[in-house]
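There are 2 protein chains.
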Amino acid sequence: MVEFGRLSWVISAWMGQAMGSAIDVAVDERKRMAHQVDSLDLLLFVCLLILTIVTLWTFKRRRMPYLHESGLAVIYGLIVGLLLSFTGSPRSESSLFIDNAHSAELFKFTEMEGPPNQLLVSVLLPNVSQPKTYTYEFKSQVDSEDANDPIKQKATFNAEIFFYVLLPPIIFHAGYNMRKKHFFDNMGAIMAFALVGTTISTFVIGLVMYGVSRLIQEIPLKFLDVLYFGAIVSATDPVTILAIFQDLHVDPMLNGLVLGESLLNDAVAIVLCSAIEEYAKVSLNGGDLFEVDALLLTLFKFFTTVFGSIGLGAFIGCLTAIVTKFTQLRDYTLLETSLFTLMSYSSYLFAEICGMSGIVAVLFCGIFQAHYTFTNLSDESKLRTRQFFETLNFLAENFIFSYLGVSMFTFSKHYFNLFFILGAFVAIAVARACNIYPLGMLMNLGRQQKIPMQYQHMMWFSGLRGAMAFALAVSNTATPVRQMFFTTTCLIAIITVIFLGGLTTPMLSILQIPTGESSEEREELISDYEQPMASLPSHTNRSYLARRWKGLDQLYLKPLLTHGQPTLMETLPKELTFLGRWFTSDMQLQTQSREALGPRNGDEMMGTSAKDQDDPPLLGVADQD
Amino acid sequence: MVEFGRLSWVISAWMGQAMGSAIDVAVDERKRMAHQVDSLDLLLFVCLLILTIVTLWTFKRRRMPYLHESGLAVIYGLIVGLLLSFTGSPRSESSLFIDNAHSAELFKFTEMEGPPNQLLVSVLLPNVSQPKTYTYEFKSQVDSEDANDPIKQKATFNAEIFFYVLLPPIIFHAGYNMRKKHFFDNMGAIMAFALVGTTISTFVIGLVMYGVSRLIQEIPLKFLDVLYFGAIVSATDPVTILAIFQDLHVDPMLNGLVLGESLLNDAVAIVLCSAIEEYAKVSLNGGDLFEVDALLLTLFKFFTTVFGSIGLGAFIGCLTAIVTKFTQLRDYTLLETSLFTLMSYSSYLFAEICGMSGIVAVLFCGIFQAHYTFTNLSDESKLRTRQFFETLNFLAENFIFSYLGVSMFTFSKHYFNLFFILGAFVAIAVARACNIYPLGMLMNLGRQQKIPMQYQHMMWFSGLRGAMAFALAVSNTATPVRQMFFTTTCLIAIITVIFLGGLTTPMLSILQIPTGESSEEREELISDYEQPMASLPSHTNRSYLARRWKGLDQLYLKPLLTHGQPTLMETLPKELTFLGRWFTSDMQLQTQSREALGPRNGDEMMGTSAKDQDDPPLLGVADQD
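Sequence order for the protein chains is A and B.
Using my numbering, the letters of the first sequence correspond one by one to residues 1 to 625.
Using my numbering, the letters of the second sequence correspond one by one to residues 1 to 625.
What the hints contain is simulated information worked out from the structure, not anything from laboratory work.
Glycine residues also receive a C-beta, built at the ideal position from the N, C-alpha and C atoms.
Don't take each hint at face value.
Stated by the list, open to error - Facing chain B, a subset of chain A residues (Cβ under 7 Å, in silico):
no.	residue
1	Gln-36
2	Asp-41
3	Phe-45
4	Leu-49
5	Leu-51
6	Trp-57
7	Val-212
8	Leu-329
9	Leu-334
10	Thr-337
Looking at chain A on its own, in the form it has when it is part of the complex (with noise of 0.2 Å):
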């Protein structure tokens, strides 16, 4: 094999001087071969996606709940996994091995620190005067002793997919279509249980899982990894918990008790991650010992990178609503589709360059987009914004679930420890009850509506973990300690994904919540959409953080970035109203001088005047009919 390998490279260097640019066909075939394998790959997933998708809807039709699209997702994804791993890539079939070393002559590495990003390798060929040099790019770093196997080195995940392509939609639709009602007035709660309960979550993880390190001989442990790992999977998954609250119609509060926890526990956990990280390069004796200054550092960048990525999102909603309100973007609504969806992405990308949380980010920049750039978009930008994320959204979260269940068989790297995937069970169980209960109860001292306790004691159950754990475990699969961590978080992930989830209905009703709340529930978001000049803040029941945020939304934010009443002529101090002039746009004064013609009209008023305009002249195809 490696003869006829040593020949065919012989034989292609000959052919690249006898011919001059036979070369150039190898190359080209060389990507082909690799573009049909990439191919077959893509066409697995999109199998399995077509597959999950007729289930559901036979499912759906038979009104059989109990198995719903992610838990679908991840058990065919295990199937086709072990069929995969019973018949061998078709990767490792295509290459042949070539010990070449003698004709590597230079080899560079551009790296700072750790194995190099790039690498350049020239290599003199047999007949050839000048070698060829060739760059190559970091993949991903194997066991020696696997380096001879092929099949041991299937295609790790890319997680820079993940992170750039599948994450930012999924995130930015729960934020956009986020009951905000019940996210503002339990923000004090959500933030709470985010940002206390996850760094509980993570540090009772951690401490339970040092106790069953010391079980371990072959992996030393040491306090900063096992804490690693409390951040990876104190990430709780929003996905399949929404899905199923949504289709019950799920008490509102609960819902959003536990959809914006879930969120931005996801966020939470990045930012732990690194800040973990962080505290390690920071104390130079690798976390050992307690740095009081490496904590506070910690902490400090914590925090800032949390509300600096929450000013971020929010800034780039409100800069879109600002655009999107004194322009006439809205009588194409193509251009405004995109320009929305441009926005949006680059609120995480922005996050991201300036080393904050691009998931936050965005998470913000979804709610904010949702609460002021909404109520200025067309009526057909409003369908198709929701519309494209919803889509894009399920596309996504099923892949990454597909992913997640045939990884589980293919992945090459896994490294099984019955102590510590049992130990990892009993820890989340722990951690999640010391996160919620004593949380809640704190909380209830101060809250005018209680949480009650069968609410409690359902967040403690719908703590799935999913794709962000999964997604900040594969990240790096360097070292075999990373590789544990990575096995234990797929498992947890697949079993409460399959389990948690399958049996979120029946805890339901046995801890008897209310469902079915739906038709009350829709008729309040559209008119939270389509009244902009909802009342004033009279509630009693919110709380201090929620009461002060109302304020400020109904009596500047509001007037400013949207075409609602009252306009800032109205809300601002005399002095300035030739400021609030300014900011107040044409269909805002419309509205108001028919308002003083015949009040309350305003609402209709806005609901037609959009209509009035034009037909979308960029819209291909009138198929509305």
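Assemble chain B onto chain A, guided by the hints.
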């Protein structure tokens, strides 16, 4: 610099021993830095697109039709690229070089010929007993003299992203929105222009450039090389022309001809490129001698690829139609849309795996989806799929044109040759003339509805080169020959898109081509979708091919694949009626029986029957007020 680099590498190795997990931190850190640079790159393009959209809106508002979106995106790209080339790339500044040749121990190639796809590198670190093994993936080939210059090693365009992510939605959208009537009516002419015309164009460009290449001393060019170049630049661009024609509502026959040709064109160019490589491989002497066997094999492969891909795309389109007809998936619009998207994408992947042309497959899949599946979809999915692909298409194509502009200045391996560039411009003008006028004349002999001379002039003029030529050129830039092809193709694309694109509107009025057929066209389109009961073939100005197709379509395919009338029970021979019953849906039977009561009411009933059903339960918010 080298010393510092080596130092940090040693330090990291020492830390790896001292604290066990520091190497993880290093890997994470490295990934995070790469992530930030990637984010910056992406953000650049997102901002470019935002800028394009805002400018486009300003232009549309002020009714300035001279610049269209592709031209704008290219121009902004050029400006940003120019600025970037002055400031230098952020990537090169953050990397250090280490000459680490002596610590590399093991070095393996996994490939048959040419540079290896994957590289395994074992590095023995100073204080660690076991060597670390890393895997690297092939990225590109660089000139040996450039190897030491980090600025020249900027990221090359990842052609895989282009082919998997950006291209399929663009082509599918074009097929899905094609005015099918004018496509099918002119099918013969379109096929002739695309298949024969593109081949003529390739050979004419090849011949002209072979003459030009005698003037170039630096690079020896074989005939096959310039033929390959001919294939690359024979792909005319549908994007820009489509946008302009659609805005101006150009005469439908011209629209159908230009659009159909430029779409199939792309596909034919891809197939020609691989056919030429195939020929180079098959003919052992490198293509200098004319070999009948190789040519026949190549021709055979060419035709099987084209017709195989058409068949595959059509098959998957019909399969989707069957699935949507006989399941009640339409009750869940999100599932329906997702399935539709995934099935369509799978046609691309299937074709690529089978070694056929994914572009042709996805184009015809789009045409068949629009023709059959579309009528089966729920009203909401009709809107949703159109808008989803419209948005994806807009984003993807503008991204490509921005990238085209930026890469003109930032791509490091440009190879300018004035003779070649000037020759290429002459060659494409001549070749397009040799394609359009003789074929137009020939076809007018057989056509009843002639193609007027000014239409032929317009077809000659609308030979813009765009995304596909760029993608074909960029997919291999390993050798100076290919680099020269790439540079020339970029210039051709930029100049034709800006100038020919900008002059389309004046040219239409100079040639006195009728525009503004908007309302009539639209109605016809709608009726095309909404009336599956259109009259049987009667038009006499259709080509033979079109008439045969229409008969098959009306009698068998539409009854089988859609809910339209007549049913298969009526159109199949008497003895096969039982078979017809199987493939007739309940909805078809209902319509039929109602029709028996009051003839010609079928359409309204079709319209309402879809609306009688329940609201789609998966749609998040009812915002269609």
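Right, here's what the structure says about each hint:
Annotation: Gln-36/A was flagged as interfacial toward chain B, and the flag holds, the nearest CB pair being 6 Å apart, inside 7 Å. For Asp-41/A, the interface hint is violated, the least distance from its beta-carbon to any beta-carbon of chain B being 9 Å, above 7 Å. Annotation: Phe-45/A was flagged as interfacial toward chain B, and the flag is violated, the nearest CB pair being 9 Å apart, outside 7 Å. Proximity of Leu-49/A to chain B holds as hinted, the smallest CB-CB distance being about 5 Å (cut-off 7 Å).
Nearest Cβ of chain B to the Cβ of Leu-51/A: about 10 Å, over the 7 Å cut. The hint is violated. Contact between Trp-57/A and chain B, as hinted, is supported at the beta carbon level, the nearest pair being about 5 Å apart and thus within 7 Å. Hint status for Val-212/A: violated, given a least beta-carbon distance of 17 Å to chain B, over 7 Å. Because the beta carbon of Leu-329/A sits about 5 Å from the nearest beta carbon in chain B, less than 7 Å, this interface hint is met.
With 7 Å as the threshold, the beta carbon of Leu-334/A comes within range of chain B, its nearest partner Cβ sitting at about 6 Å, so the hint holds. Interface restraint check for Thr-337/A: the shortest CB-CB distance to chain B comes to about 6 Å, inside 7 Å, so the restraint holds.
The structure fails hints 2, 3, 5, 7 (numbered hints given earlier, in ascending order).
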